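There are 2 protein chains.
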Amino acid sequence: MGKKVKTTIEIEGRYQEVVVEVPEDEPPVWPPDAKLSVVGRPHSRVDGVEKITGQARYTQDVNLPGMLHARILRSPFPAARIMRIDSSKAEKLPGVKAVLTHENAPKIPWYGTQSFLLDPVCRHVGDEVACVAALDEETAEEALKLIEVEYEKLPFVLDAERALEEGAPKVYPGGNLQGGKPSVYARGDVEKGFAEADAVVEETFRTQVQVHACLEPHASVARWEGDKLVVWDSTQAVFGVREQLARTLNLPLSRVRVLAPFIGGGFGSKLWLNKYTVLAALLARQTGRPVKISLDREEDCVNTGNRPSSVQTIKAGCKKDGTLTALFLKSAGPVGAYDSGAGAGTPLREMYRCPNVKTEESNVYINAGQARPMRGPGHVQGTFALEQVMDMLAERIGMDPLAFRQKNYATNNQVRNQPYSSKGLDEAYRLGAERFGWPAARSRPGRSDDATSTKKRGVGLASQIWGGGGGPPAYAVVQLNRDGTARLLAGTQDIGCGTKTVMAQVAAEELGLPLEHVTITVADTDAVPYGPFSGGSITVPSVAPAVRYAAADVKRQLAALAAEQFEERLGKAPAERLDLRDGVIYDTASPDHSVPIKEVAAKIDQMIIGKGLRGPNPPGLSLNTFGVQFAEVEVDTETGEVRVLRVVAAHESGRIVNPLTASSQVEGGVIQGIGFALYEERVLNNATGRMVNANLHDYRLPTSCDIPEIETVFVPMSDPIANNVGAKGLGEPPIIPTAGAIANAVYDAIGIRITELPMTPGRVLAARRGEKGAAHA
Amino acid sequence: MGKKVKTTIEIEGRYQEVVVEVPEDEPPVWPPDAKLSVVGRPHSRVDGVEKITGQARYTQDVNLPGMLHARILRSPFPAARIMRIDSSKAEKLPGVKAVLTHENAPKIPWYGTQSFLLDPVCRHVGDEVACVAALDEETAEEALKLIEVEYEKLPFVLDAERALEEGAPKVYPGGNLQGGKPSVYARGDVEKGFAEADAVVEETFRTQVQVHACLEPHASVARWEGDKLVVWDSTQAVFGVREQLARTLNLPLSRVRVLAPFIGGGFGSKLWLNKYTVLAALLARQTGRPVKISLDREEDCVNTGNRPSSVQTIKAGCKKDGTLTALFLKSAGPVGAYDSGAGAGTPLREMYRCPNVKTEESNVYINAGQARPMRGPGHVQGTFALEQVMDMLAERIGMDPLAFRQKNYATNNQVRNQPYSSKGLDEAYRLGAERFGWPAARSRPGRSDDATSTKKRGVGLASQIWGGGGGPPAYAVVQLNRDGTARLLAGTQDIGCGTKTVMAQVAAEELGLPLEHVTITVADTDAVPYGPFSGGSITVPSVAPAVRYAAADVKRQLAALAAEQFEERLGKAPAERLDLRDGVIYDTASPDHSVPIKEVAAKIDQMIIGKGLRGPNPPGLSLNTFGVQFAEVEVDTETGEVRVLRVVAAHESGRIVNPLTASSQVEGGVIQGIGFALYEERVLNNATGRMVNANLHDYRLPTSCDIPEIETVFVPMSDPIANNVGAKGLGEPPIIPTAGAIANAVYDAIGIRITELPMTPGRVLAARRGEKGAAHA
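Chains A and B supply the protein sequences, listed in that same order. Residues in the first sequence are numbered consecutively from 1, following my numbering. Residues in the second sequence are numbered consecutively from 1, following my numbering.
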């Protein structure tokens, strides 16, 4: 079905020719030096006006005639069994239309097989107990208070280290270690590696729980249209939610429609179907009316996931010349009360060339909200630890931290022993260092403008690896209108990253049209073809190639029409020789022969439809993204306050389709990384298990006052083989190295290594006093 | 680009082989005797539950946050010039957000070049003068009263015959005859034809103005999303409205989205863009808020078109053996105040074989609302007259009316001298007569159950011809899901005819799936590919073949997958030999070899996308639909009341995709035909020019008490060449012959020919008294 295409890639530093199979009609990869008109140029968001004028309609803004509002009763205890539940008084409250409890709700398995949609056992404060649909939110809220619940309180545990101790309360009868044992990876022989080392360091790092804190809280609106379910959902995956709803409610896929017109951030917390969405669908079916359910900020903090905390002990060894000989990680992280992932070991396994590596990662149940992927999951906490260890080793052997990393540069995937489709980290090091002024800045540790000042400045860096190669399945349809404008239906959703803009650019480029002549539909499973979730930094590398493919399909048809109808002006050019660019269709062999696309389009029979799909990834290659961030900080040695003064973020994500939205992506990542490094932390009350700062006043996000100058550098390259656009992902990379770079800069400033996050003034002062594990300030 | 396909068609009664060109991948026509599982079976509407439970959301039901409501100030005079208009008081009314008048609205040409969106000259009562957007309808209505308008009243004319008289007030300076002269058609020599005739009859017929009276009044909601206009519109043509909005407001097609989720009838009144929609869009842009505009029933009657009245004089001659020798028609009809069509001559030119035919048709301006196509435009009034003349001739030569028509059966298109792709009228005659009991019923004219009764019964028939062959452009996309369910995106809208059901059936048939596994999206220009208006009975023959084509594209891909993956169970069958039916994919050469489609679908990479288009019509052929209706009536000779007792409607529209919805279509047509024959009539006040019965109380629609037993007979056939489905249209045919059949039955009952519609008791009694042109009762 496909055709073989030859291409050249770098394998172990040498360029080699390989053959990959691509679908028959897929356009060949744009060469790295392709002259492009729309792609690679900065463009404002195509939906920018809607957003800044408030016209953009989010799920919260969906109001349907006769719509009910639902609220959820949640467990006040971190571990309890419901002995009795009586909703009769709530049901009698005027305005209440339906109440669901574990006694009358369908027994829908949730969290794998560990629980149900509404479960008589509560495993954390906030676990769902009942749900009320009423004429308005206030009435629903009032009704919650009228539901009588008798709980049997059970012992609980809130901390991963404590949960692994002998005699700790068990979240499940089988114990608190998810899977019953740590997840172990090993290559080579770490003992031998440490024996060969000239320098060995060992350190334990602790990172906190971070919550996603999306600007738009989670919400769903459910409506039944006959036997078809329509759901507006603030989700990162309209097709994923469709599939999960169909499975959960036993509906065919074609009877579920999921829409997500505008989405105010996801960061991983909106990757899949949530309980509240199913509750809304059930209540809508029961009442025959649409039901809206909006989580408040407390629910949003507690019930929609979090980046789990970590305790990581790393031991690392290298030779005098800097060559890494062994890396060992032992880590534990809490998945919360339900299965999830809390591992932090990937960067250590993959980032640097090292023959002897071992990781032991434990995922631990505790009585708190479930962990979920959060922007750069595992990598953010893992990189914070690893990159400090790299600096520690470099210092031990007296080597510049950048040179140390360059010395251990991995030219192939260390775990899978595969060449990378492309890796421009070396260039990112070079360009980033140049922009930041490293090593000049490095040579002045602890400097301050005034020698007597208590404020000390320092610089640091950290590297990053991430996946983000994407792949099938992803589909797109392009419709060309008779006036030479086009509509793109792309299997994706725009969670705020600028996806719509980037996809429209790719279509416009292939069609030779200005961007404003391409409009785009996304995030409606009744309109657009299948596409993946917006997560894992896979959107651009997965969907954009499908978009280009669909546009190329239109182009092919348009070229055939032009060849037939405009022979006089195009010469006797066969259709295959015609190309589109800057509004004209022209003969590639004789570029003077051209016709405006508008004139050719006017001849079409109303519409040309093109369809495209994401071709397969080249076999045997590892698709990864890379980057390095340089940070300058100022530490007030008196107050302990850390301020970030400057960040240079140099990233390699293949071809950058839109430098403007890509820069925004990097800035957002760095800002969220600063939040992780300095401010954000979920705090549980040890006595009650309740999150005490589940609001945006007490949960400290970075504000505009905390944000330094952020300079973004993209390595100017294009992946020659990963996909027809040459792009890799960028969503997660920029948050990954930020905390490590800041921690290394703090060490540079004050000579003290902060091993526990966030680096609050209290922790910095405690660390200066030589205390470890100080409570947050 | 296409391939040649051989097929057999009937030309002049002989079957001949012809070659037509079809697109490369288009599936071959289903043979007339194809064994089909879903197509040809009765299926309830796929959206039936939504409609009967009130979940279906019409444009009126669209309510958006911050939405304003608009009302239109309309001319109280049939002809006037606005000398002064002052909206300042209206603008100051609290709640009023914007007022448009001809002084501040953009000068958008309307009705060709004859007028503007808001025009200082008013040409009929109801012409648009100003438009107010306010927080609610009541405030908008209140504000209309505060707009001060000073009119100069002008002379006016309300009647087409009067308008053509010397000295009549002129609607336009150039006179009242549209185009300055009648439209003339001639073939052969009518004078010679009349000279050769053994019998000649001549009669003048008058038909009234009928209004569309859609159950759902016209409405639009306009919202700007940035620089993109989104319009919900109760329309028969989402793509037509998109194109006209784009042109009117100077927007690219891709920046206009038109949706029409549910539509409560159109009948031709919703075929194109209306002023109120543009006013809503302009007000929405000006105020930055969505604007809804809903016409009330009076506006709906006056401003959304009508079936024009007619005065038709027909002279016809035939030989003793019944052979028609000449047909002549002179007609005049009012287009209202703006260009339209009012001709009635097509049936006379096309219905019967006749060598000498002449028609002279005048379209006349009057000071009343514009005429628009209304279900069977021209044909309904033309057939009423022609079919009575046929009966008159038959009576003159003593021939049975059915035999007379069979004698003059046309086996080719009389105007274009082309063979028909198919014509099953002969079979319709046979089957209809058999079902009705003709000629047994015919042999008892004037019979009543009781010889002394004043109620006389009679029977009559009338034939019908209509186009309804459809053609390109029309497009469809089919997406197959991994669970073996499919979504169809069809370029069409369902105005209430069951289009969604029929299209889903065609896709299901081709995909071998049960109907409930196919869901359909229509009427959203941002989701579905281009499709034509729902009018002219072209929907099924235009869109269904594109749908089948798209499904066949999916089937081809699925077959390739099955051939590759299921060799063990399918044998070594090449993909081309595999077919889908009743949920399995099987080897056509060895039907025992099969695999459930569900299993094959489970292997697809989330989705298979197919696209299809309507292939070209076979060249050199005329595509037409035919039918005959038999009616039995009872006339109360004392009161003049006519009751229809029974109608047998025998229609030939090629393959009937859904006999259930097709029967509904026929019943609806007959009912509307009864309304035209007996009850409905726009009445203008001659002194004021105002329609006095612009509401559903005074404008008399047939009610369930007036509706007789209606038996539908479909000629069991399939057009062998018109398109890959074999279907022709059915929307208009059933209304066309009803009034003629009733009139002929009334004559059969009481021996008096009613030449003026509607046949109210007053007119019947007047006709019995020998009076012509009596005022309506």
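Treat the hints with caution; some may be incorrect.
Since copy identity is lost for identical chains, a pair holds within one copy or between any two.
Heads up, simulated DSS-like pairs for lysine-lysine below, C-alpha to C-alpha not over 30 Å straight-line [claimed, not checked]:
1. K6 - K603
2. K4 - K603
3. K228 - K603
4. K89 - K330
5. K228 - K330
6. K51 - K456
7. K598 - K228
8. K320 - K4
9. K4 - K407
10. K107 - K598
11. K153 - K192
12. K455 - K153
13. K598 - K170
14. K330 - K145
15. K153 - K107
16. K107 - K170
17. K315 - K153
The set of hints was computed from the structure by calculation and includes no laboratory data. All figures in this text were calculated on a predicted structure; none of them were measured in a lab.
Item to complete: Of all the hints given earlier, name the ones this structure violates by number, lowest first.
Response: 4, 5, 6, 8, 9, 11, 12, 13, 14 and 17
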